[in-house]
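From just these sequences and the hints, can you work out the full model?
So the protein lines, in turn, are chains A and B. Under the numbering used here, the first residue of the first sequence is numbered 1, with each subsequent residue one higher. Under the numbering used here, the first residue of the second sequence is numbered 1, with each subsequent residue one higher.
Quick caveat, the hints were computed from the structure, so don't treat them as lab data. Please note that a few of the clues may not be correct.
Repeated chains share a single entry, so a pair holds when one copy, or any two copies, can fit it.
[What the hints assert, rightly or not] With a cut-off of at most 25 Å between alpha-carbon atoms, the simulated SDA-like pairs for lysine to any residue come out as follows:
{"#": "1", "residue 1": "K91", "residue 2": "Q202"}
{"#": "2", "residue 1": "K57", "residue 2": "D73"}
{"#": "3", "residue 1": "K12", "residue 2": "A66"}
{"#": "4", "residue 1": "K12", "residue 2": "A78"}
The structure presented is a predicted model; accordingly, all values stated were derived computationally and were not measured.
There are 2 protein chains.
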Amino acid sequence: MKMKMTDPPPVKAVVLLSGGADSATCLALARKKGREVYALSFDYGQRHRIELSYARKLARRLGCRAHRVARVDLPGSAASALTSRKIRVPKGGVRPGTIPATYVPARNALFLAHALSWAEAIGAREIWIGANVIDYSGYPDCRPAFLRAFERMANLGTRAGVTGRRFQIVAPLLKLSKKEIFRLGKALGIDLRWTFSCYDPQPHGKSCGRCDSCRLRNRALADLE
Amino acid sequence: MKMKMTDPPPVKAVVLLSGGADSATCLALARKKGREVYALSFDYGQRHRIELSYARKLARRLGCRAHRVARVDLPGSAASALTSRKIRVPKGGVRPGTIPATYVPARNALFLAHALSWAEAIGAREIWIGANVIDYSGYPDCRPAFLRAFERMANLGTRAGVTGRRFQIVAPLLKLSKKEIFRLGKALGIDLRWTFSCYDPQPHGKSCGRCDSCRLRNRALADLE
Chain A
1 MKMKMTDPPP VKAVVLLSGG ADSATCLALA RKKGREVYAL SFDYGQRHRI
51 ELSYARKLAR RLGCRAHRVA RVDLPGSAAS ALTSRKIRVP KGGVRPGTIP
101 ATYVPARNAL FLAHALSWAE AIGAREIWIG ANVIDYSGYP DCRPAFLRAF
151 ERMANLGTRA GVTGRRFQIV APLLKLSKKE IFRLGKALGI DLRWTFSCYD
201 PQPHGKSCGR CDSCRLRNRA LADLE
Chain B
1 MKMKMTDPPP VKAVVLLSGG ADSATCLALA RKKGREVYAL SFDYGQRHRI
51 ELSYARKLAR RLGCRAHRVA RVDLPGSAAS ALTSRKIRVP KGGVRPGTIP
101 ATYVPARNAL FLAHALSWAE AIGAREIWIG ANVIDYSGYP DCRPAFLRAF
151 ERMANLGTRA GVTGRRFQIV APLLKLSKKE IFRLGKALGI DLRWTFSCYD
201 PQPHGKSCGR CDSCRLRNRA LADLE
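Rendered as structure tokens:
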């Protein structure tokens, strides 16, 4: 198809993609809104590194312009159950009001900073992240106030501070429950089997069924039935 | 020497260390103030990767508790003369009011996010950076407003947001000229030959003498004589 001279260029967006249901839904939404998506995943020594193979397939299925898996040499890795074999992944259920042992020090600051670097280099102004109300009840780096503060920092610490072409952190799932996210994902054509959520995969990539992430996923699935 | 029971534990600090004169002086100052220093350097595909061998020696000479060289898979690398061979390092002198081609997209946001992750994992509350007035006249990610915004973001996006044990970005060279930094470094026992500043090293690690960084260094040296 020949592009008309009057067509505006597509809006570029860097989208964080873990391979889980939330980021897949976030990405599908960005595509639905017509964004040209540059998907960004991270190999940071996570137990559930298998999520990256899901991320690669999702990026292809959902029509991303590019997908990059950045290796991150995470300095705080020893302090989280997701990246240290010395800390057990909790299996007893979510305990409200506490920060789970699966919290990775400053992970989203790091991931968003990578996204910001890429966005600035390619001229994208939007960075999409699938953070939501369940995440931010336990993880400080998913809270709306953090995301706003990151956006502010991004606009002061890049060329945007000089040119005025501002970055925006887009978190469209922020207020949605897991059930609502699954429903939205389904409406956008996401098959949950394309996604992987478990924090502590068993041999052959089988989900453990008992970590916080599995519990949230399974409860939402049961609610939907 | 036996430690008295009443001695407070040393204050831990993560210090960004490039191997240049500024970060070396910043580190020496942290040591002088009694900090237990965790020095952090980055291998991000920079042309002047030779700076890392200077950083390693500096970390030993200045008595750091630990030194870590984190590999960074910089998504914005194609957009900077420091990380892309397709962009020439400017040699014509600093042009006031412009962002130099050596600006690396969101580099300090990324570096500080790494430092934050480490600091949180080891229980350090201070992150030291050798940014200064010359840097922030050209690089947006050295401006005081950016550093303050990063600190704010850090305190919202980590356990600090819950525990109240706040992080502090310490930039003691912010208001100093290059000449003043060299003078301070000398007073703190830094030999400039231990440091490396050139953005575009020639074969055998010889400084080019004409990039912005060499020019600033050489001008300050001439002023000091």
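These are the hints, each one checked on the structure:
no.	hint	verdict
1	K91 <-> Q202	within (13 Å within a copy, 55 Å between copies)
2	K57 <-> D73	both (24 Å within a copy, 21 Å between copies)
3	K12 <-> A66	within (11 Å within a copy, 41 Å between copies)
4	K12 <-> A78	between (35 Å within a copy, 17 Å between copies)
In this structure, every one of the numbered hints holds.
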